[in-house]
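Enquirer: With the hints as extra help, turn the sequences into a complete structure.
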Amino acid sequence: MSAIEVCGVHKTFRIPHERHTTLTERVLSALRPPAYEHFEALRGVHLQIEAGSFVGIIGRNGSGKSTLLKIIAGLLVPDAGYVRVEGTMCELLELGLGFSPELTVHENVALYAAVLGYPRRDVAARVDSAIQFAELERFRDAKLKNLSTGMALRLGFATALQADSDIILLDEILAVGDEEFQRKCLDTFVDFKRRRKTVVLVSHDLNEVRRFCDHVVLFDAGRIVASGSPDETLARYHALVEDPLAAAVAGGRS
Amino acid sequence: MTQAAGRSLGPPAVGAIVDPSGATWYGGRAATSGRARGLSGQAWLVLQFALKDFKIRYTSSALGYTWSIINPLMFFLLYYVVFSVFMRFPIENYVGFLLLGVVLWNFFSEGSTNGTASLLARADILSKMVLPRQVVVYSALLSAGLTFAINLLVLLVVLWVTGTRLAAPALCFPVLLVDLIGLTLGISLLLSPLFVRFRDVGYLWGIALQAGFWVTPIIYSEMMIPPGWQWLFWWNPIARIISDSRRALLYGLWPGGRGLLLTTMVSLGLLAAGFLTFRRLQARIVEHF
Chain A
59 MSAIEVCGVH
69 KTFRIPHERH
79 TTLTERVLSA
89 LRPPAYEHFE
99 ALRGVHLQIE
109 AGSFVGIIGR
119 NGSGKSTLLK
129 IIAGLLVPDA
139 GYVRVEGTMC
149 ELLELGLGFS
159 PELTVHENVA
169 LYAAVLGYPR
179 RDVAARVDSA
189 IQFAELERFR
199 DAKLKNLSTG
209 MALRLGFATA
219 LQADSDIILL
229 DEILAVGDEE
239 FQRKCLDTFV
249 DFKRRRKTVV
259 LVSHDLNEVR
269 RFCDHVVLFD
279 AGRIVASGSP
289 DETLARYHAL
299 VEDPLAAAVA
309 GGRS
Chain B
228 MTQAAGRSLG
238 PPAVGAIVDP
248 SGATWYGGRA
258 ATSGRARGLS
268 GQAWLVLQFA
278 LKDFKIRYTS
288 SALGYTWSII
298 NPLMFFLLYY
308 VVFSVFMRFP
318 IENYVGFLLL
328 GVVLWNFFSE
338 GSTNGTASLL
348 ARADILSKMV
358 LPRQVVVYSA
368 LLSAGLTFAI
378 NLLVLLVVLW
388 VTGTRLAAPA
398 LCFPVLLVDL
408 IGLTLGISLL
418 LSPLFVRFRD
428 VGYLWGIALQ
438 AGFWVTPIIY
448 SEMMIPPGWQ
458 WLFWWNPIAR
468 IISDSRRALL
478 YGLWPGGRGL
488 LLTTMVSLGL
498 LAAGFLTFRR
508 LQARIVEHF
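Protein sequence lines correspond, in order, to chains A and B. So the mapping is simple: the numbering used here equals the position in the first sequence, first residue as 1, plus 58. So the mapping is simple: the numbering used here equals the position in the second sequence, first residue as 1, plus 227.
None of these hints come from the bench; they were simulated from the model. Values in this document were obtained by computation on a predicted structure and should not be read as measured data. Keep in mind that the hints are not guaranteed to be accurate.
[Said to hold, decoys possible] Across the chosen pairs, the derived CB separations fall in these ranges:
#1 Glu95/A x Ile283/B: 47 to 57 Å
#2 Phe425/B x Glu195/A: 42 to 52 Å
#3 Arg268/A x Gly291/B: 53 to 63 Å
#4 Tyr285/B x Gly102/A: 43 to 53 Å
#5 Gln240/A x Arg424/B: 15 to 25 Å
C-beta: ideal position from N, C-alpha, C; glycine also.
Expert: Structure representation (structure tokens):
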């Protein structure tokens, strides 16, 4: 049974043109219908992710990776196609999101836990273990603004982990922390694999992708252009980066 | 099974669909909620957000929560001096009359302003985390409601001290409170998604509230409005809520049944319109942040 099934998903964003430099232009533009640039972020994406697999999504900037992750998470609505998700899901698209500097470590984690929908009966215990995992017990009642950025990131990651979901969506989280944080993330990835969690990882860090992913998907211009073992797909990615023109033709972009 | 079975594009539905096997589907023009979360889970989330708001608002201020009492009291004193000492409105029990009007209006004004701004104010969370989006509107109102509750307590104390005793018609007051909350929530649900797309909505609502403060009999009595202008009072639900609350709490009179029914219908109508608009517009709201 696949944990995530993405079927024929299309997504187009309308980006309004705003080039009114003069007041007259502004007034005139109010009379004209607004002009939009249509940006096709995803053009017919099919993807099956098996339960317990560790899947990496790679591709150049703007190729549709994050859009797909947001659609899987349910933040964006596909224009066509559907997504089917089996199991509980936790999305970690940005670390330390929703934290308030004016609240204490404990209050922040409790709030984040409510957003992530921790099971209510053991909220308190999980909040404690999240703080413990982030190694911030000493600062439990300190306001977040008094902590370093790295500590806040660690706390965000730890809190998301404690949701203990079946499916974990990660977007570029390795890029922000220091070395110690990254080491901790990597340890967690090992743990994910051991516990057969389904992980979808969007990353630019090819070494990490090679090391952890069972399956790698390469995106270009809103389409999946390669999908398979890490070595194969990474080779395609290198080809794409080195010769974008040839790859663009291969990817179907005119 | 879901309607998905025979359709290549999946189930076009409002809300994520959970099929019997426990899977969540979404697609078409579905609004999604992602994580399975019961009604109690939503209520818990609303409470957490509201408490956070309340904590942050008064943190690092010397007087803390007492500001939520001081602020309306200061305005009450100001109006009292102007309209009872300088201008001398001939209104029985003007202290209670004025304070009740100010407290009810403040909740409406603060609640609808916060509620309208709530979606945009939490754009950072809403665009990257999955949670039912109405939660932020409810919590904005709940946070205004906490201040309101404190103010109502102060009001009751003031009424007691000034010698007003509650009589049987005071039993109508909860109905009027429900109307007031329904009205405020309805407007917030209606305007918050519109505010995300058109920032003008915020400015327009600000002007409407300022005009509303003077058009609504808060510092004066509806008896002072000339007959030719009475319709303005009759079609203003917030004015009738304030006026009926005064009858019920201060003067021990039952509010008119027809007026109360009309108020309730307008409140519920706006609430329904708010729910429908919100449900429709929230699905793609992330794209407009």
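Enquirer: So, for every hint listed, does it hold in this structure?
Expert: Results of checking the hints against the structure:
1. Glu95/A x Ile283/B: 47 to 57 Å: violated (38 Å)
2. Phe425/B x Glu195/A: 42 to 52 Å: holds (47 Å)
3. Arg268/A x Gly291/B: 53 to 63 Å: holds (54 Å)
4. Tyr285/B x Gly102/A: 43 to 53 Å: holds (52 Å)
5. Gln240/A x Arg424/B: 15 to 25 Å: Violated, at about 40 Å.
Of the hints listed earlier, those the structure fails to meet are numbers 1 and 5, in rising order.
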